[in-house]
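Asks: Residues per chain, in single letters:
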Amino acid sequence: MQNPRSEKLEFLQKWMEGMGKCTSLKKNMSLLERKKAIKVSADLAMASTRTESKCWSRALIANIASRDHNSKVLTEHVIGSSQCLRLRKAFTSSSFSQLKNKRMLNRTRKIMKRRRRTVRSRVKKVVMADSIARRLVQKRTEMLKRLVPGGDLMDDDVSLIEETLDYIQSLRSQVQAMRCLLATSQLMNCS
Amino acid sequence: MLRCLDNSGNFTGNCSDMTVLERQRMRMKWQQEQPCHENQSLYGDSALGEVVAKSMKPELGQLHFPSFGLGSSRFEAASAISATSMAGVEESRGTGSVPEKEKMSSACGKHSFKKRKSDKIHSSKVVAESENKEKKMKGGGEEGESKITEQNSNKNTTTNNSSSKDTCGGTSKGNSKASEVQKTDYIHVRARRGQATDSHSLAERVRREKISERMKYLQDLVPGCNKITGKAGMLDEIINYVQSLQRQVEFLSMKLAAVNPALDFNRDDLFSKEVFSTCGPSFATFGMGSDMNNPAYLQFNSGQQVPPPSIPETFLDSCCFPQILPSSTYESDLHKLISVGSDQPRAVSSSFLSQPFTGVVEASHPKMEM
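Residue numbers (the working numbering), protein chains in the order written: chain V, 1 to 191; chain Z, 1 to 370.
None of these hints come from the bench; they were simulated from the model. Possibly wrong hints are sitting among the right ones.
Said to hold, decoys possible - If the Cβ cut is set under 7 Å, some of the chain V residues that face chain Z in the computed set are:
#: 1; residue: 30
#: 2; residue: 34
#: 3; residue: 38
#: 4; residue: 140
#: 5; residue: 144
#: 6; residue: 171
#: 7; residue: 175
#: 8; residue: 178
#: 9; residue: 182
Every residue, glycine too, gets a C-beta built ideally from N, C-alpha and C.
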C-alpha cells in the first residue's frame with residue numbers, strides 16, 4: 001500500500017489544481033457551478049491517486065471526461081492529456097459499448113422472463129428459501145454495481161468487492177479532506 | 001506400480017460379489033489416482049507401493065490390496081473401501097483363513113471407525129493436525145498409508161490450504177484456476193469430509209471462501225457490521241454506507257461552495273501557522289493509527305521554528321479532525337486537541353477549538369453517528 005500521507009498530499013494538490021483550472025475557465029460562477037467544480041475536481045483528484053491499480057478510478061475519470069467539454073478540459077489538465085486519451089479509448093470504445101448494450105439487453109430479457117413467469121406460476125407457489133436468499137444477494141450486488149463507478153464491468157463478485165473496498169477507502173479520505181478544508185475556511189472566515 | 005494395477009484388476013475380478021457401489025468407488029479412486037501419478041512423481045511411490053503390497057501380502061493372502069496410499073487419495077474413502085472390501089472378501093471367501101482375515105477386518109474396521117470418528121471431529125482442522133492423528137494408527141497397512149499421507153501433508157503444508165483432505169481431481173482443476181496463487185504450481189484444495197469432490201464444486205468453494213474473506217475486510221471497514229453475518233445484510237450495509245459517503249461528498253462540496261464566494265482555496269494565509277496551531281497533530285484515521293501521530297507531531301514541532309515546507313503538507317498536518325463515526329475516539333481526540341491547544345500561548349482558547357468541531361459535527365450526516 002502506498003504511503004497514505006503522500007496519497008493525501010497528492011489528492012490535495014490535484015484538487016487545488018483542478019479548482020484553479022475551473023476558476024480560470026470561468027469567472028464568477030454561481031453556487032451550483034462552484035459546487036460542481038469542487039466536486040468534480042475532488043473526484044478527479046481522488047481517482048488519480050488510484051489510476052493504475054483499480055478499475056473504478058479509471059471508469060470514474062472516463063465518465064467525467066465524457067460529460068461535457070469543460071469537464072474534458074479539466075480532466076486533461078489534472079490527469080494529463082495522454083492518459084486521459086488512453087482511458088477514454090478504453091472505456092468508450094465500440095467493443096465496450098457493445099458490452100454495455102449486451103448487458104442491458106440481458107437485463108431486459110431477464111425482466112421480461114420474470115414477468116412472464118409470474119403470470120404463469122401463480123398456481124404453484126413453491127417457496128424455496130435458498131432461491132430467495134440468492135435473489136436478494138443478486139439484487140444487492142446489482143445495486144452495488146450501479147453505485148461503484150465501473151461496477152457493471154466486473155462480472156465476478158470477488159473483484160467487485162475489492163473495488164468496493166478501495167472505493168470506500170478513497171471516499172472516506174475524500175470526505176475527511178473536504179471536512180478539513182471546510183473547517184479551516186470557516187475558521188478563516190470567522191477570524 | 002503396474003503390478004498394483006494388475007492386482008487391483010485381479011482384486012475386483014475375484015470379488016465379483018462386491019456391490020456395485022464398492023466397485024464404483026474403487027474405479028473412481030483409481031481414476032483419481034491416474035492424473036496424480038503424473039503430477040506427483042515426487043513421492044517416490046513405487047518403492048513405498050511395493051512395501052505396502054508386500055506388507056499386505058502375508059496378512060491377506062492373495063489379496064493384493066490396492067496401494068491407495070500412492071496418490072493423495074482420500075482417507076475416508078480408502079478406509080471405507082478397505083472396511084467394506086474386507087467384509088466383502090470375507091463373505092466371498094469364507095474359508096479356513098477366515099479367522100485371520102476376520103481379525104484383520106475387525107482390526108481394520110476398528111481402525112477405520114476410529115479414523116472416521118477422528119475425521120469427523122477434526123475435519124475442520126488443518127492438515128498437520130490430522131496428520132498427527134494418522135500417526136497414531138496401528139497396523140501394517142495403516143502404517144504405510146500414514147507414511148504416505150505424511151509425505152502428502154508435508155508437501156501440502158507449504159501450499160495454500162483450506163482445512164480439508166486432498167483430492168487429485170481438485171488439484172488438476174486447481175491447475176487451471178491457480179492463477180492467483182503465489183506458487184507457480186497448482187492449488188492443493190482439499191474436499192471436506194462428506195462433500196463433493198468434483199472439480200466444479202471445489203473451484204466454487206475456493207471462490208466462495210475468497211468472497212467471504214473479502215467480506216470480512218469490508219466488515220472491518222464499514223462501521224456497525226460486526227453483528228451482521230449474512231451476505232445480503234452485509235451488502236445492504238455496504239450499499240447504505242457507500243450511498244451515505246457519496247451524499248456527504250455532495251453536501252460538503254455544496255458547503256464549501258457556499259463558504260467561499262470564489263474558489264480561492266489556494267490562499268497562503270489559509271495554510272498559515274496560525275491555523276495549524278489551533279489544530280493538534282492527533283489523527284484518528286483508519287488504518288493509519290499511531291504511525292501518523294508521531295511524524296505529524298514532529299512536523300508540527302519543527303513547523304514552529306521552520307516555515308512550513310509546502311502548502312499542502314502543512315495543511316495535511318492540520319487535518320487532524322478525527323473520524324466522526326466512532327464517537328469515543330472523537331472525544332479522546334478532542335481532549336488531546338484541547339491539551340495541545342493549551343500548550344500554545346495563544347489567545348485561541350478551547351472554546352475556539354470547539355467551534356470548528358461543532359461545525360464539523362453538524363456537517364456530518366446524522367445517520368453516520370452510530
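Asks: Please flag the earlier hints that this structure goes against, numbers listed from lowest up.
Replies: 1
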